[in-house]
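These protein sequences, in sequence, are chains A and B.
All the letters of the first sequence, read from the start, carry residue numbers 1 to 76 under our numbering.
All the letters of the second sequence, read from the start, carry residue numbers 1 to 358 under our numbering.
Rather than coming from a laboratory, the hints here were simulated on the basis of the structure.
All the given hints hold, so there is nothing to weed out.
Distance windows between CB atoms, simulated:
| # | chain 1 | residue 1 | chain 2 | residue 2 | range |
| --- | --- | --- | --- | --- | --- |
| 1 | B | GLY45 | A | GLU61 | 24 to 30 Å |
| 2 | A | ARG11 | B | CYS262 | 28 to 34 Å |
| 3 | A | ARG2 | B | MET148 | 24 to 30 Å |
| 4 | B | SER340 | A | ALA55 | 30 to 36 Å |
| 5 | A | GLU61 | B | GLY150 | 53 to 59 Å |
| 6 | B | ARG115 | A | GLU29 | 24 to 30 Å |
| 7 | B | TYR246 | A | ALA66 | 32 to 38 Å |
| 8 | B | LEU3 | A | ALA55 | 19 to 25 Å |
| 9 | B | ARG314 | A | ALA66 | 37 to 43 Å |
| 10 | B | ALA201 | A | GLU29 | 25 to 31 Å |
Even glycine gets a Cβ: it sits at the ideal position worked out from N, Cα and C.
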Amino acid sequence: MRLVEISGDGRAVAESDGLRLEVDVSLIECPQPGEYVIVHAGFAIERLDTEEAEAQLAFFEDLARASRGGEATAAS
Amino acid sequence: MLLQRLNTEMRHVCGRSAPLRVMEVCGTHTMAVGRQGLRRRLPDGLRLISGPGCPVCVTDSGYLETALKLATRGVGIATFGDLLHVPTADGDSLAACRARGGRIQVCYSPLDALRAAVAEPVREWVFLAIGFETTIAPVLVTLERAKMAGVANFSLLVAFKRVLPAMEAVLSDGRTSIDGFLCPPHVSTVIGASAYWSIAARYGRPCVIAGFEPLDILAGLMEIVRLVAEGRAEVRNAYARVVTEYGNPHAQRMIAKWLEPCSVPWRGLGELPDSGYRLRVAYQQFDAERRHDVQIMSSPGAPGCRCGDVIAGRMDPPACPLFGEGCTPDSPVGPCMVSSEGSCAAWFKYERVEATSA
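Next comes chain A alone, as it looks inside the complex (with noise of 0.2 Å):
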């Protein structure tokens, strides 16, 4: 969910897909509106890392390019 008000006190609203929840950041250390966070039970247990993140959906678009070109030369 991506966080989109803070609190002083631990308190933030986090929104996903028009859904707005209120989750307890005390867990998260300095938490910033528009960042994406996991949330469990209430609770914001982990910020989301948005290189590795894109590192990862760079991994499946190579996966998906090398499967593509596999079915290609398959078919010639």
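Since the structure of chain A is already known, use the hints to place chain B on it.
Chain B alone, transformed into the frame defined by chain A:
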């Protein structure tokens, strides 16, 4: 596409007479595998076994009996919804207790439990504090808030559990063989990827942390297959977008502050040393066992219930004689069939299609 790659990787380990057995230790993985239809699409020679990753399922029957004893005394019981319909050995449940007039409050968050206690200060309230590390940290933050606010009618019936000792117990069991682990992603955000090096080093099994999406799970399985083929008992973090090497320091600080490790009983695995947590003596006022003079005693499950064997990965749910015959999600005999992360519930909902159409 990834399934094709998985098949390719499997060819490197072909020649094994027995299938490669990978255990996933996360109830959410169990459900995701079922929901995504992955199990029956896996290559021949790769078996995915569900392990002790459902916190409700691994909680001993005696815990629920203690909770019901408190409810009968008029104590308000705040609980995650998952425990509501879990039957005791003689068929009672928190849901049935509520129907008889018991004060049972279902919570999404442990903070809901604290709110219930604050809203009804004349009643003693107990939160059923079960869960692995992912849940333990939020419960402790809730206790911190209760302490700061001076809430005097709130305590925890503690049955916290640690995932690593359960993984070790499965490997030491001797009745099941596991070649590698798909590690629980959200527990791993708390304990860190490095926590699994003890499993890899001591038991020679690769451990891969992977997320819940189908691509995550398949990529994780592929990595395990590759590590087994290369004879490398290593730890791989395939969920690095969320899991760090050393975990969440805030959560770990809370755990160290409030809790100390202790032996606890696990359904299916027996009493495991240092596998659970109890509140430190300094925080006894929040320990429901002391506060209400009750003791959680280990208790066997219902007659014929094989949840313990399913939890320990010794058998798949359909091998239980009661599966679908006397034990269904609507009338469960044990927790695995009724918990939202239970193996039997996952198999009942998602894996029976081929059996019924055969």
